[in-house]
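Could you put the whole structure together from the sequences, leaning on the hints where they help?
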Amino acid sequence: MPQQKEPRAYRKPLPHIDEENRPWWEAAQRHELYIQKCRDCGDLRFHPRALCTSCMSSRTDWVRCAGGGKIYAFTVTNQNQAAGFRESLPYVMAWVELDEGVKMLTNIVDCPPEQVKIGLPVEAVFDDVTPEVTLVKFRPAR
Amino acid sequence: MSLSRKIAVAGVYEHPTRFAPDKSMYQIMAESVRGALDDCGLTIKDVDGLLTAGMGMGPMGIVGFCDYLNLTPNYLDGTNIGGSSFVAHTAHAAAAIHAGLCDVAVVVYGSTAASSRFAIGTGGGHGGGDPCDQYELPFGPTTVGAYAMIAQRHMHDYGTTPEQLAEIAVTMRLHASMNPVAKYRDLITVEDVLASRVISSPLHLLDCCIISDGGGALVITSAERARDLKKKPAYLLGAGETVRHAARGRRDFLEIAAAQSGRLAFERAGVAHKDIDMAMIYDSFTITVLSTLENLGFCKRGEGGPFVSGGRLRFDGALPINTDGGGLSSNHPGMRGMFLVIEAVKQLRGECGPRQVKNCRTALVHGTGGALGTRHSGATLILTNQ
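For the record, the sequence lines run as chains A and B.
Position one of the first sequence corresponds to residue 1 (our numbering), numbered consecutively onward.
Position one of the second sequence corresponds to residue 1 (our numbering), numbered consecutively onward.
Each hint can be trusted.
In silico contact screen, one side only, chain B against chain A (beta carbon under 7 angstroms); selected entries:
#1 A119
#2 Q134
#3 S200
To be clear, the hints were calculated from the coordinates, so they are not data collected in a lab.
As the structure is a prediction and not an experimental result, all values here were calculated from the model.
Glycine is no exception: its CB is placed at the ideal position from the N, C-alpha and C atoms.
Written out as structure tokens, the structure reads:
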């Protein structure tokens with residue numbers, strides 16, 4: 001097999017950042033994790049959106065999360081033809097349930113795939129993948 | 001449901017191709033329309049309603065297909081909710097006919113997924129532009145991975161085993177062995193499934209549907225008109241459709257759209273689970289079948305593993321499913337819901353030869369579109385020949 005050259009550019013999909021979700025992505029750049037809480041009915045929600053999905057209020061508070069959670073479901077991905085991912089196989093995709101009660105799709109990192117288990121306590125790590133984008137991933141809690 | 005038994009699937013056609021590098025998607029669709037019209041004895045001049053969706057179509061693909069076939073229908077529905085679209089279209093067509101918006105509706109699908117080399121399950125996820133995608137696509141979700149997470153969670157919560165999932169694939173292959181146009185017809189064993197490579201844990205290659213070309217069409221009309229046509233009508237008794245998604249980050253992922261669409265279909269049909277003689281259950285992956293059967297209420301949540309074991313799902317078992325060999329072995333051009341309806345109608349007519357379910361009077365169809373582990377649609381139909 002010829003030696004693969006390290007790709008220069010980041011090749012995985014990047015989020016489209018707009019007025020609605022920008023505060024969340026800016027917080028991630030500061031290595032802070034937030035979810036939204038409706039100021040009127042108190043319902044928690046993730047991902048960020050302008051209106052409460054329970055009462056449709058536009059009055060929103062941003063709640064900072066401690067970053068802890070547990071693995072709710074996961075899969076070790078051995079096959080993905082998409083650019084960026086085919087060079088990073090195998091990787092772990094997971095739904096993590098934050099201690100605050102919402103689930104996020106993410107990657108589990110800094111952990112051999114065979115040690116990933118449902119219920120494993122994890123903590124957020126902030127991966128600055130480009131100068132503009134920081135992704136929130138999780139590793140086993142230390 | 002006020003339209004129960006008033007609308008029928010009168011004609012069906014499954015395109016026999018599994019690999020058609022020489023055909024366009026539109027040609028496969030047009031040949032399918034011709035086949036379904038021939039099946040019931042109607043002509044293209046009788047068609048005044050058209051419903052379609054496809055992976056290779058643009059957002060206005062239905063208009064392009066009308067151009068291709070020189071159609072000017074009175075009713076159009078291009079609803080695309082993934083692989084379940086044609087199951088939902090069947091109910092939409094019935095409602096339109098019942099409401100007087102059209103008399104003869106054609107539901108059609110075609111795809112060259114195999115010859116165009118679409119990596120449907122492992123190509124890096126769907127969509128891209130929706131708000132939810134911005135919080136998912138950066139992490140590399142695949143279709144198979146999004147289903148695999150459901151399997152992992154089910155195994156964790158209920159002790160479901162890889163062997164139990166594998167039996168679903170083995171059963172589908174048995175059925176495919178009796179379907180001359182199925183893509184894979186050599187029998188396999190549970191050991192074969194477990195020995196195939198893990199694509200996305202815990203799902204093996206043989207837990208995953210195949211990729212083929214293909215297409216099909218349905219002709220739907222009033223029960224009254226259908227009774228004078230060539231084939232025995234399959235009457236629509238009840239239908240339901242809905243979606244499940246991350247539910248603002250709060251979803252119980254083992255509860256899927258089938259729980260709601262199935263409940264609606266049973267209520268509207270006025271029948272019970274014991275009345276269902278066979279079922280066509282979207283089998284994108286083995287876990288899709290297990291989870292769908294639980295959520296439709298054929299067994300309790302958590303009991304899917306034992307339920308799918310011991311030959312229950314075989315054509316000669318207590319609840320025969322996917323007698324054509326399913327997406328796991330017969331065909332999967334990307335959106336399989338079309339073939340679920342076609343095979344259910346053929347079973348109700350008694351046209352299935354060696355794989356025919358005995359005394360098949362009532363059939364359930366459930367399509368899933370998208371991915372159980374992120375977001376998906378579900379559409380259920382209950383059909384009868386009575």
